[in-house]
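In case you want the letters, here they are:
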Amino acid sequence: MRRGVTATMVVAGILLMIIGYFGAAPWGADTVANSDPRITLAPTLFVLGVIVVFSAAIVYELLPDRERR
Amino acid sequence: MPKVTRRTFVKTSAVAAGGTALARNYLFGPLDTVAAESPLALQPMVEDVVPTTCWIGKQDCGMLARRVDGRVIKFEGHPANPRNAGTLCPKGQAQIVALYDPNRVKWPLIRTNAKGATGEWRRASWDEALQLVADQVNEVRERDPKAVLWQKGRSKAKKFYDDAFVKSLGSAKMGHGAYCSDVGYRVLEYMIGTHAVLHPDFRYCDYMLSWGWNITGAGGNKTCWLQWPRHMVEAKERGLTITHIDPRLRSAGPFADDWLAIRPGTDLAMALALCHELVAQGFLDRPYLSTYTNAPYLVKPDGSVAKVTVGEGEEAEELALVWDEDAGAAVPFAEATSRALEGSYEIDGEVLRPAFEVFKEHIAQYSPEWAAPITDLPAEKIRQVATDFGEKAQIGSTLVVDGVEVPYRPVGIMAYHVAQQELGFPTLQAMTMVPMLVGAMGAAGGQLSDYSWKIHKNYAKFEKLTVDDPPYDYFLNKSKFFPINTGLPGVVAKVMQDPAKFGVEKLPEVAILHMVNPLNAFPSQPDFLASYGMFKFVAVISPWLSETADYFADVVLPAATIEKYEGPISVNNQYIDGSTLRIPPMDPLFESKGEIDIYMDLTEKMGLLYGEDGYLYQVNKALGLVDDKAEFGVDINSKPQVRDIFDNWARSEGIEEGVAYFEDPGKSVYIKGPVKPTKMYGYATDPPFGGAIHRFYGESLLDAQNQMKEKGAEAIYYQDYNALPTWRPPTMDSSPAEYDLYMISYKLIEHKQARTSFVPLLAELAPGARVDINPVTANRLGIESGDVVTVESHNAVTGETRSIALPAVMCEGIRPDVVGIPHHFGMWTHPVNEGQGSSPNELYFTGEGYTTNTADQSFHVKVRVRKGGEL
Amino acid sequence: MAKYGMVVDLERCQGCRACMEACKVENNTTESMFWMYVFRFEEGTYPDTKMSFLPRPCQHCDNAPCVKVCPVGARYKREDGIVLTDPDRCIGCRYCSLACPYGVNYFNYQKPQDAYYALGIDWEDPDVTSVTGGVVPPYKNPDHDLLYGEEQRRTAGGGHAKGVMEKCTFCVHRVENGMLPACVETCPTNALVFGDVSDPDTPISRYVRAREPWHLLEETGTEPSVMYVGGKPPTLALTEIERPKARV
Amino acid sequence: MATTARGRPALPQGIGRVTPGWWAFFAATLIVLAFGIVAIIRELTAGMVATGMRDVGTAGGATWGLYISMVVYFIGVSFAGITVAALIRIFDIERLRPIARMAELLTIVSLILGAFAILVDLGQPLRGITNLFGFARPQSPFFGTFSLVIAGYLFASIVYLYLGGRRDAALMAKHPGRLQRFHRWWAAGYKDTEAERRRHYQTSFWLALGIIPLLIVAHSTLGFVFGLQVGRPGWYGTLQAPAFVALAGVSGVGHIIVLAAIIRRLLGAQRRITMEAFSWLGRFLMVLLAVYLYFMVVELLTLLYATPEVEKRLSDALLTGTYAPIYWGSVAALVLPMIALMWQALARRWNVGILVASGVLVNLAAIGKRYLVVVPSQTHGTLLPYEVGSYSPSWVEYGVVLGLFALGALLVGLFIKSFPVLPLEAEEEVSVDA
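Heads up: the protein sequence lines correspond to chains A, B, C and D, in order.
Counting from 1, position 56 in the first sequence corresponds to residue 56 in our numbering; the numbering is continuous, with no gaps.
Counting from 1, position 456 in the second sequence corresponds to residue 456 in our numbering; the numbering is continuous, with no gaps.
Counting from 1, position 59 in the third sequence corresponds to residue 59 in our numbering; the numbering is continuous, with no gaps.
Counting from 1, position 39 in the fourth sequence corresponds to residue 39 in our numbering; the numbering is continuous, with no gaps.
Think of the hints as simulated: they come from the structure by calculation, not from any bench.
All the given hints hold, so there is nothing to weed out.
Calculated pairs, EDC-like style, for lysine to aspartate or glutamate (alpha carbon to alpha carbon, straight line, at most 16 Å):
1) C:Lys50 with B:Asp258
2) B:Lys106 with C:Asp127
3) B:Lys381 with C:Asp48
4) C:Lys245 with B:Glu834
5) C:Lys3 with A:Asp30
6) C:Lys50 with B:Asp257
7) B:Lys236 with C:Glu11
8) C:Lys140 with B:Glu47
9) B:Lys106 with C:Asp122
10) C:Lys140 with B:Asp69
11) B:Lys106 with C:Asp125
All values derive from a computational prediction rather than experimental measurement.
Can you make the complete structure from the sequences, with help from the hints?
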């Protein structure tokens with residue numbers, strides 16, 4: 001279960017990063033659209049993604065062992 | 001964690017409090033919060049446009065003033081005005097700051113401390129100030145009107161309200177022409193009768209000598225920068241080639257196809273060499289010379305012209321004789337059919353020769369090889385210029401312009417401020433002869449001078465120059481010093497310091513200075529420091545406290561800048577004629593007034609406003625609202641609004657709407673139409689050249705010299721009065737060898753004489769004075785770019801020396817033996833003047849050796865430069 | 001949709017800097033800020049000295065490095081070719097002024113009210129404020145506070161605020177009202193030509209067809225919208241002369 | 001077991017005890033920090049006109065100056081810290097284990113300083129934060145710096161430090177005292193069981209593997225901030241990114257050596273941080289230094305061989321012109337340590353004094369070289385023939401930079417006083433269960 005949770009978090013984090021990256025303002029220098037993000041607060045999503053990926057390590061270690069209790 | 005003691009708590013909370021204050025301050029206070037100023041304009045604004053004309057430059061370009069709620073926010077060029085066609089120069093754009101300048105004179109000032117030093121003032125009402133001026137001037141005027149001296153700098157429109165003031169007072173009048181190429185005007189008035197200097201017919205000209213013409217920075221003949229560069233650029237696109245004769249390349253910028261870096265003060269030698277080559281290579285328009293000039297006049301060995309008296313008593317007149325080749329006899333000029341230009345003829349035992357023959361013999365010595373060492377230009381180049389000028393003149397060709405066939409000589413000279421040198425008169429004489437020899441004078445594509453061929457009254461006066469005995473007036477008119485006299489403030493200053501030397505008894509006692517700043521704007525500051533101190537009373541009319549007012553004014557009357565009615569203003573750009581007015585875009589700021597209002601109020605206080613010969617009467621006369629236009633005249637017994645004066649003038653010009661026409665942005669420029677060839681080209685006018693015979697040979701000059709000698713004048717005054725321009729080295733060359741450099745001054749496009757150096761927008765473009773020096777010379781003197789250097793001038797006649805200190809700037813585009821300084825700085829009354837450096841006028845001299853023979857100022861002096869000195 | 005461009009005819013330019021002054025008054029730029037700048041060059045040694053002038057507006061590049069590097073999208077390019085700055089989005093990182101090969105960007109190093117030639121002119125003088133209503137500078141152009149383009153942003157120079165970037169906007173507030181930019185309008189010798197490059201019969205298109213224009217710093221690949229005619233591209237052999245008071 | 005004044009057992013490594021020496025240290029850093037804050041307030045109120053920075057081009061200034069040089073330097077130093085920690089973990093370098101936490105700490109502190117240095121350089125700092133999170137554009141190289149370096153990499157290092165410290169936190173949580181709750185929070189129920197140890201062993205391995213590529217990418221974006229600008233001769237070049245990474249390594253390792261030596265002397269841990277550790281660091285520094293010197297030679301050669309005129313003006317300014325003293329000073333400060341390290345490596349005799357000296361020198365050189373990348377290209381590198389400019393930092397800039405260093409020192413000091421910077425050993429250990 002621990003491995004499952006961590007794996008999902010890592011994948012979720014990476015997904016968030018991808019959404020955040022491509023949700024932000026598109027590459028290019030020819031229209032007004034190149035200056036605004038397509039999804040509002042897209043960069044925040046990207047940063048959250050990175051944070052989620054790395055907090056997976058914390059979750060992996062800190063999840064209490066159900067058997068021991 | 002360190003124990004939280006009370007002390008640390010206090011410290012941290014203080015920092016924390018500071019932090020929150022900072023944050024609050026930062027977020028909402030003056031730190032320009034996250035969102036900058038308010039996004040939307042608050043209330044709807046009334047926006048309109050007022051047509052007017054520029055008030056800073058020389059040629060009064062047409063402008064549209066954009067206003068928001070009555071506040072002028074932008075000046076733009078007026079599209080319908082032919083001179084600038086919707087464009088403006090940097091000064092035109094930047095004058096908007098001068099309008100709002102809090103350092104303007106805001107209300108009449110009366111001096112409270114002694115003169116001769118920085119003034120302390122008290123505020124006065126208009127009544128009190130005008131009354132004081134009126135009393136002081138009247139007291140002197142009753143005794144001797146000529147003891148009242150009225151002096152003006154630049155007139156910003158047709159000189160009608162100022163001429164009217166001088167006439168109604170009967171006072172003496174002094175302008176600034178002697179610093180603005182007036183010697184060129186005297187030469188053209190003397191030789192062909194027009195009141196102007198030289199400019200080519202840009203529309204058809206193919207080859208132009210830009211002789212000392214500051215193409216990219218300054219005005220030119222008649223009108224000013226912006227109009228001429230527009231014409232020049234279009235002509236260049238059509239194929240005009242320009243040979244630039246100037247010690248400084250900067251003035252021509254990239255437009256010089258060929259640059260002749262001539263040594264200052266030697267333009268006469270160059271002009272004589274060109275004449276020599278044109279004659280030698282046979283580029284001569286004989287029909288022009290024999291028909292329209294006095295070249296065929298028969299000259300006696302003593303230089304005088306052979307004449308015959310015709311008719312008796314009053315109608316008796318003396319007619320000059322020419323040799324008629326058909327008749328084989330000497331006959332009066334008008335009767336000859338084929339006038340001889342060359343050869344020698346013996347009549348009544350005397351050998352007579354046509355003036356042209358004398359001229360040929362006179363210039364035989366002035367070959368390019370002779371001129372090369374003097375002008376420091378290769379002889380071959382001088383010869384090449386003459387050849388090009390001659391060949392491209394296409395002598396004999398004609399051109400049909402607007403249906404009128406006119407001789408076609410597509411060559412010409414642009415010359416204006418080059419005249420401001422000691423040899424100015426003979427130099428311009430020789431330079432004018434160059435186009436005359438090839439018949440380009442008044443030809444299509446050729447040499448023009450005025451916008452019409454109106455003959456100035458001086459043409460007749462110069463036929464016979466008279467030299468009276470002392471006592472002379474303080475301008476030294478008709479004196480043994482200056483038979484032809486432009487009226488130089490510098491000479492007046494010298495006379496006031498030593499009247500006996502000049503045979504003058506009566507000196508001016510009271511002065512009214514209108515928009516003129518001799519202390520800073522005219523050469524020889526020490527002379528003015530001495531002379532202006534002698535005035536009993538000085539009244540100054542100016543928008544700013546000028547340096548002259550600061551030291552010598554008793555009363556300063558604040559004039560408006562652009563916020564006033566002024567005019568009528570010609571919009572003639574040589575090809576299209578018309579007129580316009582200056583309309584106030586705003587009411588005069590502070591308590592300033594337009595000059596016409598000031599003059600009306602002042603003359604009213606002096607009791608000269610109303611009635612016969614009063615100010616209003618003179619205004620009508622000056623505006624031409626007399627005789628057949630008398631009905632449009634202003635009622636001379638009641639004080640009109642200034643706007644009404646222009647309303648009457650407009651109706652007199654046949655404009656029904658009157659001044660409203662000029663206040664309507666859609667109209668506002670009254671175009672009379674294109675300038676017809678019959679008015680523009682001398683050949684095509686009726687009678688040709690206004691009926692004036694062109695004085696190729698200057699008999700009256702020679703006569704003047706003889707009279708001067710009889711009256712005991714010194715050689716330095718009479719040596720340039722010769723029948724034909726004769727070379728002599730300028731007086732300044734006799735300065736000791738250690739003064740090895742020539743100093744010249746020049747105008748920047750960003751500034752206008754001494755009136756814009758304190759406009760912050762322009763001071764930003766051209767921050768201050770400098771000494772342009774050639775790197776080779778700088779290296780020799782151990783000077784690097786940016787070093788402060790001391791420039792010391794030497795007076796070759798009196799031995800006096802003067803010096804100023806300025807930063808040096810390396811300049812490859814200047815002769816190694818020349819240094820150049822812009823003449824817009826050296827002022828101290830306005831805060832923006834701080835640190836702008838001195839003016840070259842503190843180095844120049846006036847008087848003997850440094851004025852022309854016609855009392856015009858020379859802007860040349862020998863200097864030496866060394867490293868060091870304080871700004 | 002129009003595509004705006006400008007032609008600078010170096011055979012007509014007199015180097016008079018009227019365009020710089022018109023730009024300063026129209027856009028109320030503060031001291032030592034030159035959205036339009038005109039170089040004055042000297043080249044060679046006496047006596048074969050050569051002189052030349054070079055007006056340098058913003059080039060409104062089609063491949064604008066400044067737009068690419070702006071971290072927050074404050075600098076953007078519009079379909080009509082104009083590159084603008086949104087003062088409410090700009091964080092003042094000044095990256096655009098370093099990415100730009102032409103050096104056309106200016107940063108508000110201090111509050112604009114303190115930078116309007118305060119050295120010599122006291123704009124708070126009561127007699128002046130009674131006339132101008134205390135507006136600084138007194139010739140302040142109200143158009144700058146309005147929103148422009150269909151993106152509705154305050155891009156016309158209303159950005160004179162501490163800590164944000166600004167540059168030549170081709171006078172977007174004038175162009176959108178069908179007027180010419182201030183510099184083009186005032187040029188005494190009509191050396192500046194402005195218009196819709198995509199429309200074949202505008203003056204600018206005719207100009208471009210008649211002469212072969214070159215671009216400034218073509219090798220940087222920025223594809224500028226400003227074209228130069230006559231003269232030659234500048235090199236470091238040119239030394240600048242008569243610099244204005246460019247540093248405060 | 002030394003006891004404190006109040007009779008409680010003294011915590012290991014001087015935690016919790018503030019000797020007069022520490023008081024002096026904290027007072028000094030706070031004073032310098034206050035000076036920095038005064039400088040920042042001056043800059044925020046008067047605007048950036050208080051700094052020496054001016055616009056590029058007509059104003060002939062540098063619009064990026066000391067601040068951006070320090071940003072690059074701090075982020076460079078942070079790079080090496082976590083890299084050393086990751087290498088220790090991946091290759092199980094036992095002798096370096098004691099300095100692992102110190103390296104992670106260095107990364108976090110210098111990253112924080114880098115973030116502040118960017119904020120201080122912005123014209124609108126507060127709006128900088130809000131707009132970056134709202135509108136950051138991936139196309140701008142700054143995006144990498146903002147998201148990967150500041151947000152991502154900082155968080156990753158904190159995670160690494162946190163997880164690595166749980167064991168020691170658990171041990172420390174035994175001791176009653178003010179810090180106990182802090183240590184217990186940090187331990188988060190760590191029982192030091194075999195399963196937990198194995199799990200930590202795995203996570204730190206995968207974490208280390210995850211961080212290294214993030215570092216390379218993150219740091220290269222900082223290199224791309226300069227390297228991609230075609231308008232800036234002296235910046236534009238493919239070598240910028242790798243050179244950044246190399247110099248980052250050099251300055252980072254140099255910094256670790258200095259920090260390790262200080263802590264070794266402070267906590268008398270000569271036995272714990274052995275000479276082998278220093279020799280490994282020395283050799284690692286030598287390798288990185290060699291790589292960087294190689295890059296410098298490559299850059300110099302391309303600069304001098306056949307430079308177009310614009311680069312020529314820049315290289316003249318660097319080699320013989322106004323920036324020559326800084327340039328040759330930095331080169332000397334790199335070559336001297338190189339020689340010292342090579343001499344020690346060959347002679348197999350490592351001296352901590354020399355290592356510290358070369359660490360300091362190398363860092364000074366790093367600051368110089370960052371400055372030489374950022375500034376000269378603006379004052380001497382304009383493509384259009386503007387007049388050559390000048391830039392000299394004002395007191396505000398020096399004040400802020402000193403303030404940042406003081407902040408860094410303060411953070412390190414506070415950490416050392418509140419958490420064992422060296423992993424606890426047997427004798428200090430109180431058994432987990434008791």
